[in-house]
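K.L.:
Given chain A, work out where chain B should sit, using these hints.
There are 2 protein chains.
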Amino acid sequence: MKQLLVIGSVALDTISTSLGRSEEVLGGSATYFSISASFFTQVNLVATVGRDFPEEHRSLIKSFGVDIRGLETKQGRTFRWEGSYIDDLNCAKTINTQLNVFADFRPRIPEEYKNSKYVFLANIDPDLQLFILKGLKDRQIVGCDSMNYWIQNKSTVLKDLLKEVSFLFLNDAEARSFSGESSIIKAARFLLSLGPRFVIIKRGEYGAILFHKDAVSLLVPAFLLETVRDPTGAGDTFAGGFMGYLAKRNRITGEVVRNAILYGSIMASFTVENVSVGRFTNLKKGDIETRYKRFRSLIMA
Amino acid sequence: MKQLLVIGSVALDTISTSLGRSEEVLGGSATYFSISASFFTQVNLVATVGRDFPEEHRSLIKSFGVDIRGLETKQGRTFRWEGSYIDDLNCAKTINTQLNVFADFRPRIPEEYKNSKYVFLANIDPDLQLFILKGLKDRQIVGCDSMNYWIQNKSTVLKDLLKEVSFLFLNDAEARSFSGESSIIKAARFLLSLGPRFVIIKRGEYGAILFHKDAVSLLVPAFLLETVRDPTGAGDTFAGGFMGYLAKRNRITGEVVRNAILYGSIMASFTVENVSVGRFTNLKKGDIETRYKRFRSLIMA
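Here the protein sequences come in this chain order: A and B. Heads up, the first sequence is in this note's numbering, so the first residue is 1 and it goes up one at a time. Heads up, the second sequence is in this note's numbering, so the first residue is 1 and it goes up one at a time.
All clues stand as given, with none of them false.
Keeping only pairs whose Cα atoms sit at most 25 Å apart, straight-line, the calculated DSS-like set for lysine-lysine is:
no.	chain 1	residue 1	chain 2	residue 2
1	B	Lys213	A	Lys293
2	B	Lys163	B	Lys213
3	B	Lys293	A	Lys293
4	B	Lys154	B	Lys134
5	A	Lys213	B	Lys293
6	B	Lys186	A	Lys293
7	B	Lys293	A	Lys186
8	B	Lys74	B	Lys114
9	B	Lys248	B	Lys284
10	A	Lys114	A	Lys2
What follows is a list of derived Cβ distance ranges for each label pair:
no.	chain 1	residue 1	chain 2	residue 2	range
11	B	Thr73	A	Asn90	43 to 51 Å
12	B	Lys293	A	Thr97	46 to 54 Å
13	B	Tyr149	A	Pro54	52 to 60 Å
14	B	Thr94	A	Lys159	39 to 47 Å
15	B	Lys186	A	Cys91	17 to 25 Å
16	A	Thr253	B	Lys117	45 to 53 Å
These are computed hints drawn from the structure, not numbers from a lab. Since the structure is predicted, the reported quantities are computational estimates derived from the model, not experimental observations. By construction, the Cβ of each residue, glycine as well, lies at the ideal position given by its N, Cα and C atoms.
Looking at chain A on its own, in the form it has when it is part of the complex (with noise of 0.2 Å):
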């Protein structure tokens, strides 16, 4: 079992859906992650919170086990972001972002995190995820995601930072738009050869795609619920998931990897049933092994 480190958001989120609207709750990437991962090993968070950041929160995420000694407060408030999935219950469409003290995010390394051999750079200014690399000197595998934002206006800076990662974790619609195929093999393969040693497609309740040495190499579905309450995180839960297997295996074989997809789809399935993180506070292990085994069952593996 190695240390994995996540840099990313830690927000306040509102939420609307046709279920009902959830105010100021515990968002970001970084929360989603790394209260996802810490099921499976010991994970060192890197973000940053203004002044009214409440400390029920911050005793949440540190009660998972997961170091926060990363997580700065700064003078400011807290990142915010709104987002409703009235009309779509696959895709939020966002209603209001304030960065707030994530628009001078200066992210600082604490010394105790040095050691951390796994490493994920939630989606955020490639230039930051760059600088943390830098920081790591001893890391040895990397996950990655990004966004549209990203993809369209620091495309450069993406590109340089794609050479360092192992695992990068893009949607559809990314993929596609950073690689302007509308195939999703040939925009993979696009990916791939921007220096990823696999790349991982998203597909939201459909499931995802690995794809490794430019061609397809697992097709696996989504973990079908009866209802799903608040898709906001999955994909970072996914990740969440999928990084902290392989943390905790400290392999990358094929076994691993295809196990370490099965738990992410997991965890993701699990995030989707209750608004913000509340799914977590009273997950047991036994519950996703439970799951794993039922989702082994139903995609025949």
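P.N.:
Relative to chain A, chain B alone:
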């Protein structure tokens, strides 16, 4: 191996995709179904065409070993459908439908077909589907497809019909519309309550879900292709591979049904690689086995 009877349409299709336009090519649900199933078992076709139906199309269907003694030629023009995939490769926009001889179709089952133990009722008027079933006293296994038009306009007879059905094939939108449920699990549970032993929800490029005994039984992604040329007939080809494989094995066990879904998926993946049934003219049984093995490894089965 048992004989498999299919009743449905044999049509002339005009199809536009971003790759071009194909005029008056061989189409129809019974065409796609029977050619796909012919790779697994003896298929008996019941349908009607007009006097304008090209002899070469008749010969082509026959060349797959399909028994076409039930393909009636009537005074008038063959059923025509025109569709476009220019806006969305996953969803045909109907430009024009001319029922022609199909409007007064009164199916006749040749004596030689009467011992067909497996039956597939492709998407036609549920009154005709029920009429066909009543003429097949020795039937053992019945598959059935339908569409929103019949769900909305003939739901009473469709519900009567479903009591006789072993395998119901619907796409996700049809299942939601029939049940009034947005959750696909709840929709499938409603459909199962109407009688079918198994419900198969087709999700186009995202694969299929098998439901059985009130619950999800299998989640299968679609075989991922680099280029899709024409998605027409994918659903009927899927059903053809599925029912053909069942008839070949002539046993309904978990293992047989699982494999039937895989073979159905594989046959659908071949169809969309070319316009009309063009991909099947040079398809070998070995090609099917090769892709089946590749598919199993991609889904970890």
